[in-house]
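Colleague: This is what each chain is made of:
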Amino acid sequence: MKTNDVILQTTTKVVFFIIFLFSIHIFFAGHYTPGGGFVGGLLTTGAIVLLLLAFDLKTVQKALPFNFTIMTAIGLLLALGTAAGAIFFNVPFFTHAFDYFTLPLFGETSLHTAIIFDAGVFLVVVGSAITIIQSIGGDS
Amino acid sequence: MNMINLLLFPIIIPFFTAILLLFFKEQVRIQRVLTVIGLSAGIAAALSLVYKVKQDGIQSITLGSWPAPFGITLVSDMLSALLVTTTLIITLIIVIYSFSSIGRERERFFYYPAILFMITGVNGAFTTGDIFNMFVFFEVLLIASYLLIVLGGEKRQLRESIKYILVNVISSAFFVITIAYLYSVVGTLNMADIGDKIASIGQPPILSVIGVLMMLVFGIKAGIFPLYFWMPGSYAAPPVPILALFGALLTKVGVYAIMRIDTLFFVSDLGFTHTILLVLALLTIAAGCIGALAYFDLKQIIIYNILIAIGVILFGVAQMNEPGMQGAIFYLLHDMLIKGALFLLIGIIIYVTGTSNLREMGGLIKTHPSLGWMYLVAAFGLAGIPPLSGFVGKLLIVQGGFEHGRLFSTIVILASSLVVLLSVIRIFVYAFWGEPKVLRPSDRSIYRRMMFPAVLLVALSVAYGVGTEWIYPYISDAAHVLLNPDSYITAVLKE
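Protein chains in written order, with our numbering: chain V, 3 to 142; chain X, 167 to 661.
No lab work stands behind these hints, which were simulated from the structure alone. These numbers were taken from a predicted model, which means no experiment stands behind them. Be aware that a few hints might be false.
Stated by the list, open to error - Which residues of chain X face chain V? A partial, calculated answer using Cβ under 7 Å:
(1) I185
(2) I227
(3) L229
(4) G230
Claimed, not checked - Calculated cross-link-like contacts (lysine to any residue; reagent style SDA-like; alpha-carbon spacing at most 20 Å):
(5) X:K660 / V:V93
(6) X:K321 / X:E271
(7) X:K218 / V:V93
(8) X:K191 / V:Q136
(9) X:K191 / V:V93
(10) X:K191 / V:M73
(11) X:K191 / V:N69
(12) X:K191 / V:P67
(13) V:K60 / V:Q11
(14) X:K220 / X:A210
(15) X:K218 / V:P94
(16) X:K465 / X:I516
(17) X:K191 / V:Q11
(18) X:K660 / V:P94
(19) X:K218 / V:I89
(20) X:K363 / X:P233
(21) X:K218 / V:M73
(22) X:K191 / V:T71
(23) X:K191 / V:I134
(24) X:K191 / V:P94
(25) X:K191 / V:N92
(26) X:K603 / X:D435
To be verified - If you want the footprint, here are the derived chain V segments under chain X, 3+ residues with CB under 8 Å:
(27) 41–54
(28) 66–79
(29) 82–92
Note that beta-carbon positions come from the ideal geometry of N, C-alpha and C, so glycine has one too.
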């Protein structure tokens, strides 16, 4: 008998975006409130896992055509690059910089290089977690 | 440009190369070229770091421009600079050896990135000046070594990797618990600051307990007497180049950590902590000697020789006097080189004969004379025959033992050299003398390509022994910092 997942799949299509937006919110909130790259990455992974539960592996791979190993590598490069940027200014490794900018739409915002490092952590967490899930789930 | 970040380069360069390699999973040729370039750049950086430390004294930097005890400090004194350089050189040679011996299937599944990530961890552990950061670097090197030990997925590798991971997870948990105890007593994680604080409160008994716990943790990593049980099985499972990396580098990180904490932290109650270290070192030597004589398996004989060397080094450290400490450092560097060389050579013997059982081989000197003579030179170097590299280190260690008035235990060290010589000459006699056995067909050009890095490493160890006079000032500087922790503390805290 062919099972019919229409309720699960329809709910997933809505809930996925809510979880994803929440993970982005958590990611950006990390500097002043609880959150940051690690939990943000795990929440995004959680959203993708929900897709995997509702649909099958092939469909999700078609919808998100990323190589997650490469995503991990890019994340590592971002993190290392942010930290190593300090070398070019001859200050100790990992010295971050921040300043206030007046952006259109956002107004006065403080931008910190730590966010790039966090983006690296985010990509590494998503990349490695999805790689684990795909390689365990992919065999059967 | 005044490079204040120079001491980070031996850590960052392998790390960066490893990340780049992740983009070229299937292109084995690009991976090989990038690995060699990355390691060569790392060696260049490490050599200039040695030069810089020799010129300007201890280099230290606190990441993120924070003041010293509050940020993570990386410290490069002469000992860690020398260890970092040796690590990178040995890795480069073993990587070249892997080109012709590890096989394409392993190369395609992140073999080179795993090696480079492991080197990142090893160099980081040698350079860090923060006890929790040392834990993190230990995990970096261990997790990469988990991959290397299981890569290939043979039945034996799977079985031994479970043991290896289990033992190391437990010892890592002990490490965290010990750091927690230490933090609750002294309230800081910066190693120089911990040394300073312990010196000012004069090591109450709880700190001696923590000292013994640390010895337990690093003893599992280094394989000292009652804690070496995992090593013979686990190290024999992976292919020879990985075995050579593990044997030359991983246990030595544990030895380095014991050297560092026993000279920087726990120096107020030497009668307790260092007597334990001395007794454990002697028992380690005894266990290693028994194992080295008991087996007819090439790999096992050399693996038990690792134990003997660790015992000898820690015996030198336990003396806490100048010749003992210099000898320990000399012997540590010698042992990294010579163990790498020996593992590469027995790897070639195993490739040529197709077995690691001594009873099934013989007469190799007729067909492979250069291999035979190289092996003999390496064996004499290991035992400490005068012009070769093992001599000066052991001489200084023995001198340190006699100066400390430890007559009996020093004679044990001397006697252990005979056992070492006997165990490796037994390989020579069984494998190279006697009636030639029928060899399985092997490729002569692969044999030559495998010989090249092995000969290079033997030559390096010979140069290390012959050039003692030239190397001695560096060793002396390294021992000076270990015996005068104040210079380390001042360099970090800049008081």
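Colleague: It remains to establish, for every hint, whether it holds in the given structure.
Modeller: Structure-based check of each hint:
Annotation: I185 of chain X was flagged as interfacial toward chain V, and the flag holds, the nearest CB pair being 5 Å apart, inside 7 Å. For I227 of chain X, the shortest C-beta to C-beta distance to chain V is roughly 5 Å, which falls under 7 Å, so the interface hint holds. At its closest, the beta carbon of L229 of chain X sits 4 Å from a beta carbon of chain V; the interface hint therefore holds under the 7 Å criterion. Contact between G230 of chain X and chain V, as hinted, is supported at the beta carbon level, the nearest pair being about 4 Å apart and thus within 7 Å.
Between K660 of chain X and V93 of chain V, the direct Cα distance comes to roughly 17 Å. Compliance with the 20 Å bound is thereby established for this hinted pair. Using a Cα cut-off of 20 Å, the hinted pair K321 of chain X and E271 of chain X holds, with the two alpha carbons roughly 16 Å apart. A threshold of 20 Å between alpha carbons decides the hint, and for K218 of chain X with V93 of chain V the separation of about 18 Å falls inside it, so the pair holds. For the hint linking K191 of chain X to Q136 of chain V, the alpha-carbon distance of about 17 Å falls within 20 Å, and the restraint holds.
Pair hint K191 of chain X plus V93 of chain V does not hold up; C-alpha atoms about 34 Å apart against a cutoff of 20 Å. Between K191 of chain X and M73 of chain V the CA atoms are separated by roughly 13 Å; this keeps the pair inside 20 Å, and the hint holds. The hinted pair formed by K191 of chain X and N69 of chain V meets the criterion: a straight-line CA distance of about 12 Å does not exceed 20 Å. Of the supplied pair hints, the one linking K191 of chain X and P67 of chain V holds, its CA atoms being roughly 18 Å apart against a limit of 20 Å.
For a cut-off of 20 Å, the pair hint linking K60 of chain V to Q11 of chain V stands: about 15 Å separates their Cα positions. Simply put, K220 of chain X and A210 of chain X have alpha-carbon atoms about 15 Å apart, close enough for the 20 Å limit, and the pair holds. Taking the CA atoms of K218 of chain X and P94 of chain V, the gap is near 17 Å; set against the 20 Å cutoff, the hint holds. Restraint check for K465 of chain X and I516 of chain X: satisfied, since their Cα atoms lie roughly 9 Å apart, inside the 20 Å limit.
Using a Cα cut-off of 20 Å, the hinted pair K191 of chain X and Q11 of chain V is violated, with the two alpha carbons roughly 35 Å apart. A distance of roughly 16 Å separates the Cα atoms of K660 of chain X and P94 of chain V; the hinted pair therefore holds under the 20 Å criterion. Annotation: proposed proximity of K218 of chain X to I89 of chain V holds, straight-line Cα distance about 17 Å (limit 20 Å). Only pairs whose Cα atoms come within 20 Å are accepted, and K363 of chain X paired with P233 of chain X is accepted, the gap being roughly 17 Å.
Our distance criterion of 20 Å between C-alpha atoms is broken by K218 of chain X and M73 of chain V, whose separation comes to about 38 Å. Of the supplied pair hints, the one linking K191 of chain X and T71 of chain V holds, its CA atoms being roughly 10 Å apart against a limit of 20 Å. Distance hint between K191 of chain X and I134 of chain V is fulfilled; the C-alpha atoms sit about 17 Å from each other, no more than 20 Å. A hinted pair counts as satisfied when its Cα atoms are at most 20 Å apart, and K191 of chain X with P94 of chain V does not qualify at roughly 33 Å.
Simply put, K191 of chain X and N92 of chain V have alpha-carbon atoms about 34 Å apart, too far for the 20 Å limit, and the pair is violated. At most 20 Å may separate the alpha-carbon atoms for a hinted pair to count; K603 of chain X and D435 of chain X exceed this at roughly 58 Å. Here's how the region 41–54 of chain V fares: 0 of its residues keep a CB closer than 8 Å to some CB of chain X, so the rule of at least three is not met and the hint is violated. Requiring three or more residues with a Cβ within less than 8 Å of a Cβ of chain X, the coverage given for the region 66–79 of chain V holds, as 6 such residues are present.
Counting residues of the region 82–92 of chain V whose CB lies closer than 8 Å to any CB of chain X gives 5, which reaches the minimum of 3, so the coverage claim holds.
Checked against the numbered hints given earlier, the structure breaks hints 9, 17, 21, 24, 25, 26 and 27 and satisfies all the rest.
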